[in-house]
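Peer 1: Sequence:
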Amino acid sequence: MTTFTPSTNMLQTKYYTAIEAERDRRLAIGTDIDVVGYGWIAVRGLDQDRVTLTELREFLATHPLVPTIAYRDRDNAMHNLTLAQIEDIIYQGGPYALSIYSASFAIKDADPRISDVTNDALWPTPTQRP
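Counting with my numbering, you get residues 29 to 158 for the letters of the sequence shown.
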């Protein structure tokens, strides 16, 4: 009878996949941002959200006669935002998303390996509106 022993590469791939899944879960949860001159908006850090915000910024920047544009946030609330407010979301949300990526890199590089990659202590805490 042959016994299957997973290779180091297979175990590493499984470990990295678990870290990346947790990273993506936390990006999807997102954070709350206190937008200057507006108030709190719930945002996510997913690629599609970053692209949407960038496209909204580009549209407003190239259409100066359009003062605001509609934005639907993570919680499905609608907001009419100015260019400055869209930029504020990008400037505040970007560092939060990067901190999640940085945490995932640190977890991947930890030696010895971390047994519970979902431990909240390993990850940045999202801001929550008061």
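FYI, nobody ran anything at the bench for these hints, they're computed from the structure.
Every value quoted in this text rests on a predicted model; they were computed, and no experiment measured them.
Any given hint might turn out to be false.
[As the list claims (entries may be wrong)] In silico EDC-like cross-links for lysine to aspartate or glutamate, where the CA-CA straight-line distance does not exceed 16 Å:
1. Lys-42 with Asp-144
2. Lys-136 with Glu-50
3. Lys-136 with Asp-75
4. Lys-136 with Glu-48
5. Lys-42 with Asp-137
Peer 1: Indicate, hint by hint, whether the structure satisfies it.
Peer 2: Quick rundown of the hints versus the structure:
Between the alpha carbons of Lys-42 and Asp-144 the distance comes to roughly 13 Å, so the proposed pair stays at or under 16 Å and holds. Note on Lys-136 and Glu-50: the hinted pairing holds, with a Cα-Cα distance of about 12 Å set against a maximum of 16 Å. A distance of roughly 21 Å separates the Cα atoms of Lys-136 and Asp-75; the hinted pair therefore is violated under the 16 Å criterion. Proximity of Lys-136 to Glu-48 is assessed by CA-CA distance (about 9 Å); at most 16 Å being required, the pair is judged to hold.
For the hint linking Lys-42 to Asp-137, the alpha-carbon distance of about 14 Å falls within 16 Å, and the restraint holds.
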